[in-house]
Amino acid sequence: MNRSLQFSESDSPSIPNTRFPAYDVSDETFQTFVDALGQERDLTAGHKVFKLHCALCHKIGEDGNEVGPDVLGEAGVAEGSLLRHVILPNARIRPGFGTTHVVMKDGSLVTGLLKKDGPTGITLTIPGGIRKTLLRKDIDRIERRYASMMPPYANIIQPNEMADLLGWIRSQL
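Take the sequence shown: its position 155, counting from 1, is numbered 168 in my numbering, and each next residue is one higher.
In short, the hints are calculated from the structure, not lab data. Positions of the beta carbon are idealized from the N, C-alpha and C atoms, including for glycine. Among the hints, erroneous ones may be present.
[What the hints assert, rightly or not] List time: in silico DSS-like cross-link candidates among lysine-lysine, alpha-carbon distance up to 27 Å:
hint, residue 1, residue 2
1, Lys-128, Lys-145
2, Lys-118, Lys-129
3, Lys-64, Lys-128
4, Lys-129, Lys-150
5, Lys-118, Lys-128
[Stated by the list, open to error] Computed Cβ-Cβ distance ranges for the label pairs, DEER-style:
hint, residue 1, residue 2, range
6, Gly-86, Lys-129, 15 to 25 Å
7, Ile-155, Ala-104, 19 to 29 Å
8, Gln-171, Gly-141, 17 to 27 Å
9, Thr-57, Glu-87, 17 to 27 Å
10, Thr-45, Glu-87, 15 to 25 Å
11, Lys-61, Gly-86, 19 to 29 Å
12, Gln-171, Gly-86, 23 to 33 Å
Kindly produce the complete structure, drawing on both the sequences and the hints.
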């Protein structure tokens, strides 16, 4: 049976009028990633995958930026669980890591993680580790989402690359 792993409309970023793609991974697709975990790992290739796809928001050692959760804090969990976190990032969102969209009065959009909410402005951390302070007088509206900024990597990284990535992450413990 090929049932789809999706989220309800209450917590899915794929509902209408949101700025996120659908997070839809079939059991068959997930199983191809699980099967790849049994292969021999290329840690050098895994490090390259981290730098290319993860370092914009995650930091390990000298590589990356501190935007998203600490990856090494997850590295000790079962590999299948770690895989699920990467493929289905909305399945579990840690407190403080929900996405905030800020629509500015000039029509521009700023998306990031809310770090400070003050009377005259807010501060977001955006991909790349950049802190951006926005003045309330310039803000049209603020939308807080129970959604991850991280994309569903099943659509981006091949199963063998994911296995290499997870192998490299676990080697950094």
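Subject >> Pairwise beta carbon distance, Thr-57 to Glu-87, judged against the given window 17 to 27 Å >> reply: holds, 22 Å
Subject >> Supplied distance hint 15 to 25 Å, evaluated on CB atoms of Gly-86 and Lys-129 >> reply: holds, 23 Å
Original post:
Given a hinted range of 15 to 25 Å, is it respected by the beta-carbon distance of Thr-45 and Glu-87?
Top reply: Holds, at about 21 Å.
Original post:
Given the proposed pairing of Lys-118 with Lys-129, does the C-alpha separation stay at or below 27 Å?
Top reply: holds, 20 Å
**OP:** Return holds or violated for the Cβ distance of Gln-171 and Gly-141 against the range 17 to 27 Å.
**Re:** holds, 25 Å
Original post:
Taking the CB of Lys-61 and the CB of Gly-86, does the distance hold inside 19 to 29 Å?
Top reply: The hinted range 19 to 29 Å holds for Lys-61 and Gly-86, with Cβ atoms some 22 Å apart.
**OP:** Below or equal to 27 Å on CA atoms is what counts here, so check Lys-64 against Lys-128.
**Re:** holds, 24 Å
Original post:
Using the C-beta atoms of Ile-155 and Ala-104, is the stated range 19 to 29 Å upheld?
Top reply: holds, 25 Å
**OP:** Would you mind confirming whether the straight-line C-alpha gap from Lys-129 to Lys-150 stays at or under 27 Å?
**Re:** Roughly 16 Å between the alpha carbons, so the hint for Lys-129 and Lys-150 holds.
Original post:
Can the restraint linking Lys-128 and Lys-145 be considered satisfied, given a maximum Cα separation of 27 Å?
Top reply: The given pair, whose Cα atoms are some 10 Å apart, holds under the 27 Å limit.
**OP:** Starting from Lys-118, check that the Cα of Lys-128 is at most 27 Å away, please.
**Re:** Distance ~21 Å between Lys-118 and Lys-128 Cα, so the pair holds.
**OP:** Given the range 23 to 33 Å, decide if the beta-carbon distance of Gln-171 to Gly-86 lies inside it.
**Re:** 26 Å Cβ-Cβ, so the 23 to 33 Å window holds.
Of the numbered hints listed earlier, not one is contradicted by the structure.
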